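These protein sequences, in sequence, are chains R and U.
According to our numbering, the residues represented by the first sequence are 49 to 293, in order.
According to our numbering, the residues represented by the second sequence are 49 to 293, in order.
Where hints are given, some of them may not hold.
It does not matter which identical chain is meant; a pair holds if it fits inside one copy or across any two.
What the hints assert, rightly or not - For lysine-lysine, the following PhoX-like pairs were computed, each having C-alpha atoms within a straight-line distance of at most 20 Å:
1) Lys-158 <-> Lys-61
2) Lys-158 <-> Lys-258
3) Lys-258 <-> Lys-61
4) Lys-190 <-> Lys-164
Everything labelled a hint here was simulated from the structure, so no lab data went into it.
Predicted model only: the values in this text are computed from it and were never measured.
Protein chains: 2
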Amino acid sequence: MTSESGCEEQALKPASAFSEADRDAVYRAIETRRDVRDQFLPHALPDELVARLLAAAHAAPSVGFMQPWNFLLIRDQAVRDAAWEAFRRANDEAAEMFAGDQQTLYRNLKLEGIRKAPLSICVTCDPDRAGPVVLGRTHNPKMDLYSTVCAVQNLWLAARVEGVGVGWVSIFHEADIKALLGIPERVQIVAWLCLGYVDQLYREPELAVKGWRQRLSLEDLVFIERWGRPASLIAEAEDRVSPAS
Amino acid sequence: MTSESGCEEQALKPASAFSEADRDAVYRAIETRRDVRDQFLPHALPDELVARLLAAAHAAPSVGFMQPWNFLLIRDQAVRDAAWEAFRRANDEAAEMFAGDQQTLYRNLKLEGIRKAPLSICVTCDPDRAGPVVLGRTHNPKMDLYSTVCAVQNLWLAARVEGVGVGWVSIFHEADIKALLGIPERVQIVAWLCLGYVDQLYREPELAVKGWRQRLSLEDLVFIERWGRPASLIAEAEDRVSPAS
Numbered sequence: 049m050t051s052e053s054g055c056e057e058q059a060l061k062p063a064s065a066f067s068e069a070d071r072d073a074v075y076r077a078i079e080t081r082r083d084v085r086d087q088f089l090p091h092a093l094p095d096e097l098v099a100r101l102l103a104a105a106h107a108a109p110s111v112g113f114m115q116p117w118n119f120l121l122i123r124d125q126a127v128r129d130a131a132w133e134a135f136r137r138a139n140d141e142a143a144e145m146f147a148g149d150q151q152t153l154y155r156n157l158k159l160e161g162i163r164k165a166p167l168s169i170c171v172t173c174d175p176d177r178a179g180p181v182v183l184g185r186t187h188n189p190k191m192d193l194y195s196t197v198c199a200v201q202n203l204w205l206a207a208r209v210e211g212v213g214v215g216w217v218s219i220f221h222e223a224d225i226k227a228l229l230g231i232p233e234r235v236q237i238v239a240w241l242c243l244g245y246v247d248q249l250y251r252e253p254e255l256a257v258k259g260w261r262q263r264l265s266l267e268d269l270v271f272i273e274r275w276g277r278p279a280s281l282i283a284e285a286e287d288r289v290s291p292a293s
Numbered sequence: 049m050t051s052e053s054g055c056e057e058q059a060l061k062p063a064s065a066f067s068e069a070d071r072d073a074v075y076r077a078i079e080t081r082r083d084v085r086d087q088f089l090p091h092a093l094p095d096e097l098v099a100r101l102l103a104a105a106h107a108a109p110s111v112g113f114m115q116p117w118n119f120l121l122i123r124d125q126a127v128r129d130a131a132w133e134a135f136r137r138a139n140d141e142a143a144e145m146f147a148g149d150q151q152t153l154y155r156n157l158k159l160e161g162i163r164k165a166p167l168s169i170c171v172t173c174d175p176d177r178a179g180p181v182v183l184g185r186t187h188n189p190k191m192d193l194y195s196t197v198c199a200v201q202n203l204w205l206a207a208r209v210e211g212v213g214v215g216w217v218s219i220f221h222e223a224d225i226k227a228l229l230g231i232p233e234r235v236q237i238v239a240w241l242c243l244g245y246v247d248q249l250y251r252e253p254e255l256a257v258k259g260w261r262q263r264l265s266l267e268d269l270v271f272i273e274r275w276g277r278p279a280s281l282i283a284e285a286e287d288r289v290s291p292a293s
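Pulled out of the complex, with its shape left as it was, chain R reads as follows:
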């Protein structure tokens, strides 16, 4: 019992809040991160930088410590051209689903940077990574996919601090990209990410700037104790929080 407690103590280490400067840095990464479609600069990302981004992704939480992700790096222009063709076909189908002015606006939006960004990363989830029964996935079969999304978000924030923009492309038939990259049947594609250096980003999400959809009030999305019960204390707290610089 004593030795177990000793191990436990060694495994735990002090963890306090960050300094104000370090805290601000993390909030700034979160607030200024954007989904980039067109601001990519052409020069290649160094291997060391890509390794840091992947290490950040690999540090994500995962259900049952399953680490279900894989990362396929795609630099080859021919492969990116083929992926873009898959996007284009799906995007034509997508445009047809919108009516009237909305379809016109949709067709005028640039929704991907597959050919412009020098690097794409296809992020996948292997449900068989830790056997058929996974701690924490027993009652929610999507938990492995959610873990993989956490890896994507870690990578995205790390990219922001490196001066690298990321765009998440979701408009394609999964079968097309799986065939292109030789991805096994059991494995699911979670994200196709486009990456490249950027020297400017939108102040607000591009879809808001372009008039597609505006930011919702956070206050309306927060409830207390039960669905639909307004959380006025949050609104009051927000008034007291100094605005982000």
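Starting from the structure of chain R, add chain U where the hints point.
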């Protein structure tokens, strides 16, 4: 055309890499974030702090700028007790799915802090938030769930810098928690998060410390151009990256 370009210029702003100190802060948040089950301290989280965490979540990327998330704050002990009962029932079922020594180890793990942590946040996804056809969800119906997970990961990293631990509970029947909180049929629960101040965290993920499952080699999870093609350049780059302090 000129005025449009002008608007575009105003909407874009310079965005460079962060300073080395700020970059290190973000990587440190990513690397030291843990899934907390037992280290929660009892004192309440101030409203201002909770508002900052929710604002970080609300800054997540979302498909079609849909912002499909809601956040239900649960402080009431009776509600948390009821949620814990739902966990306990599901966890007994889960334990039975593991055999022999693995079941023994499973039963010895503490997998949640619902009653110990002073605040729970139930994070949900409303698929109807932006109408039936959503930009970017046309070919992947899970994109709204993925957006909601990005919000969870933002909140988790923000919590780390605030000295707040977060634990993601996934072992319950969704119907039990939906009934408890009055969540509408159409809305999906993505995460039940337990939050509280912490003054220590595990050096490595708790499931590794407790011998459940170890960290995989990142090198084995990265491919180049095609599934299964090793990315030796990443291994080489990793050797050159200085280890995190």
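Point to revise | Copy assignment of Lys-158 with Lys-61, given that the CA separation must stay at most 20 Å | key: Close across copies (19 Å), not inside one copy (47 Å); limit 20 Å.
Review point. Within a copy, between copies, both or neither: where do Lys-190 and Lys-164 come within 20 Å Cα-Cα?
Key: neither (32 Å within a copy, 26 Å between copies)
Exercise for review: Have a look at Lys-158 and Lys-258 and pick one of within, between, both or neither, based on CA distance no larger than 20 Å.
Suggested key: So Lys-158 and Lys-258 pass the 20 Å test inside one copy only (10 Å; across, 48 Å).
Review point. Checking Lys-258 and Lys-61: alpha-carbon separation at most 20 Å within a copy, between copies, both or neither?
Key: between (47 Å within a copy, 15 Å between copies)
Consistency with the previously given hints fails for number 4 only.
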